[in-house]
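Dock chain B against the given chain A, drawing on the hints supplied.
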Amino acid sequence: MPRKMLMTLALATVIAVGGAAFAQPKVVSYPGLGMEPGTVGGTLTLSLADSPPTFMYYGQIDNNTQTLTGVVFDSLVEFNLETYAIEPALAASWDVSADGTVYTFHLREGVKWHDGTPFTSADVVFTYTQIITNPEARAGDAAQFVYTVDGEQRAVTFAAPDDHTVVITLPAPSAAFLLQQRFPMMPKHKLLQYSVEGGAAQADINNAWSTDTALSDVVGTGPYKYDSYVAGQKVGLVRNADYWKVDANGTSLPYAERLDYLVVRGNEAQAAQFLAGNLDTLNISGAQFPDFKSREVAGADFRVITSPALFGSPPHVAFNFDDPTFGAWFSDVAFRRAMEQAVDRQRIIDDVYNGLAEIPGTPTAPADGTFYEDTKSLMLPFDLAAAGAALDALGIKDTDGNGIRNVPGGKDLEFSLTYNVDSGTFTDMATIFQNDFAKIGVKANLVGVSGSALLGTGLAGDYQAIIIALGNQPDPELRKPIWQPGGSLYYWHRATQPAEPGGAPNFDAMATWERRVYDIFDQGTTLVDRDARVALYKEWQRLNAVNVPVIMVAKPANIAAVHDRVGNYVYNLGVIPGYNPVPLYYVK
Amino acid sequence: MFAYLIRRVAIMIPTILLVSVVCFVVIQAAPGSFTDRYLEDPRMGPEAVARINAQLGLDKPLYQQYLRWITGIVTKGDFGFSFFANRPVSTVIGERLFWTVVIAGITMLFSWVVAVPLGIVTALRRNGFTDAVSSFIGYVGLAVPDFLIALLLIALVLQTGGTQVGGLFSPKYIGVPWSWEKFLDFLNHMWIPILAIGTTGVASVMRQMRANLLDVLNADYVRTARAKGLSERRVVNRHAVRTAINPLVSMLGLSLPELINGTIIASIVLNLPTIGPLLYDSLLAKDQYVAMTLLLLASALLMVGNLLADVALAWVDPRIRYD
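In the order they appear, the protein sequences are chains A and B.
Each residue of the first sequence is one higher than the one before, counting from 0 in numbering that gives the first Met the number 0.
Each residue of the second sequence is one higher than the one before, counting from 0 in numbering that gives the first Met the number 0.
No wet-lab data here; the hints were simulated from the structure.
Hints should not be assumed to be uniformly reliable.
Claimed, not checked - Listed next, the in silico EDC-like pairs over lysine to aspartate or glutamate satisfying Cα-Cα at most 16 angstroms (straight line): (1) B:Lys171 to A:Glu256; (2) B:Lys171 to A:Asp226; (3) A:Lys111 to A:Asp162; (4) A:Lys438 to A:Asp397; (5) A:Lys111 to A:Asp241; (6) A:Lys410 to A:Asp397.
Claimed, not checked - Computed footprint of chain A on chain B; a stretch qualifies when at least three of its residues, placed anywhere within it, have a C-beta under 8 angstroms from a C-beta of chain A: (7) 26-32; (8) 277-287.
Unchecked claim - Just a few of them, taken from the derived set where beta-carbon distance is under 7 angstroms, the chain A residues facing chain B: (9) Ser227; (10) Gly231; (11) Arg264.
In this text, all values refer to a predicted model and were calculated from it rather than measured experimentally.
Built from N, CA and C at the ideal position, the CB exists for glycine as well.
With the rest of the complex left out, here is chain A (with noise of 0.2 angstroms):
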């Protein structure tokens, strides 16, 4: 009998006899990412940057937080570890109606909270309709749940006509919508306090399991429990035994018995507590790679582990284009052309990044295996001459000889270069575009901003140049705020975005190319046929690549370094709803 078959047969085996007791279980094998079967037991201690403000994913948006909740929760679908396709978690199966707007998910039979309490279709339709929708949880999604059909505002509608069945209706087809879905479900038996159903204010439920509730309370339905936190030092998690993923081998999934969160502030304190070995796994920098892996070649008991990169921010020059001085040349494509060729991204992928990056997509990271459009032939290269040839084409000339081209007008072409003081990798990123422009005669003063503050400044329109990294995601719908003139985020041109907050955008303001994606964006939230939506996004990526919204700079790898002890391991931030190898690491 040929292995699989055999796989086939001993797995319909452990359903048939481990099903009605413990979960209607799903198989987890990636031979593809070199996954073996594990074993079970041991302690895996992991990193987090800092104490959780709460337990509750929706009080907060906070990295640590979600961190924690991807290993207590689980969602209706998750995504594939090495396709990024969507596949059932707490939905076993699910059906789209013919027309695209409504689904119907079959939820997975015998899965218990961690109290013991069954999980049903009541909890999923409380977290939708007491959480996720609530305006006022403050990592809710409320907006994603309206839509704007023919000029009017309809919700989405959730309904559960028996235990294991949750219907959703959408208003309109929504492409993205099952994609959307990876939202950690809640138990209304615990949570039901603290929600409009339950008699409590709408805001009320931003209070519900701060950092001072007893454990035992906060339950999800996921590979781990809560076990032990004490303050800005550790959060200790136990295994769920009662979990319904499974190895290919039918061992129940997952394998640590015991999981640790130790609480490590700073890149520098967190590579200690590695190479000391109270770590097993910690993300890295490039910066921090010729350390690692000379230790590691020196006969470390360490590996590190690289692989391109999906999720993660790659980083972009932006001008303003609404900028009072220099608007009228930032926004012109001939000058942001012209800028481009300054940008030395070789440089900074071999130097800054050693070499542990890659040219980026416009923006989509080169590892998205469906989305991507290579548009590298439509990038320009770094060539001082030609950038100095192109700026002299526009006449911006030095006409005053003190070494810095004048625009038309007079004025030195002096501009300030924003960037985040607290990254060194920004920081040498800043000074070596710095140098490079000084070379053409263009002068940029660098100012230093934090971290935490890079963004607002962005927003608020309180730069003139400016170094920012925005993440990429599986699909360009979950990044349309940044990338769809008028949009939230799409702060290099805010003269696009509306007058009031939620209505129609300034179209007069957009570029005739910005208005192409507007339409493109527009067009790809609802159009379900997968092949068009893919040719409209390449179309878009092509456009930014001549039109250069911003300048992309380079895609940074995944860096990871991973004590010989830890099996299975999958590059992971952490913080992706829905993407979560930790439950396969394995303790050898």
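Relative to chain A, chain B alone:
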């Protein structure tokens, strides 16, 4: 004395109120807003951010925000709530208070126990070998910031194959009940912050003690004591040191606010769960009521410390009377 105490406490109240206004103004003057953290998240539109601003009371005029906070403190002992943690500021600070006091207490004790005798010895053997070595170490300790010493110690521990590179315990002892092994593990971690943070204190206290004692040793009454035929030991211990230590008592009072803001960077480098990093984070994130409460607490501690120092001074120095 009692009337004096009442007077001092009465003066403290308007001072603290004034300080609270200054704290509020300084924090408002810093760029950015707490809700900046929401902007990049794809879930957050401008409407959602506006709603959160309203929830947090950030849409109200500044004077109203301030009045609400200060009235809460005066009438209910309520220091506001942390925007970040969604709970009262007092509980956020409270959970870090224990380790803050313990670490500050131990390091301060270390500094004083080492520094005062060293100061005495170097004063007595002025310009000798001991003086030269101690002074050298003292100056280096003063010049090198505590976080740098901490980083060097961590590098040293790593180099020698140790695992105690930050924090107070090894991971497996965090959150478990106290035991002898846990205590040993604690000591094994604690020497790094003690040395790193304490060394800076040693230097300043030692130099102060040395200078004071040298002044006193040249005083007339010390010469008189010697002329009376008292043993040198008695002259130094009973007559000189007792006087020379007085200014240090005031120094002790002034070092109380260091509980909060004295060791921010070292605490971050050493990964200590103290109040310092909390202040740092709340200032960066503009979690305004946490930051304001901590700044207010620091200035209150300074005033209380001063008062305690003055009272202690009266107790140790018979020449000082406040009535």
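Legend entry - Broken hints, by number: none
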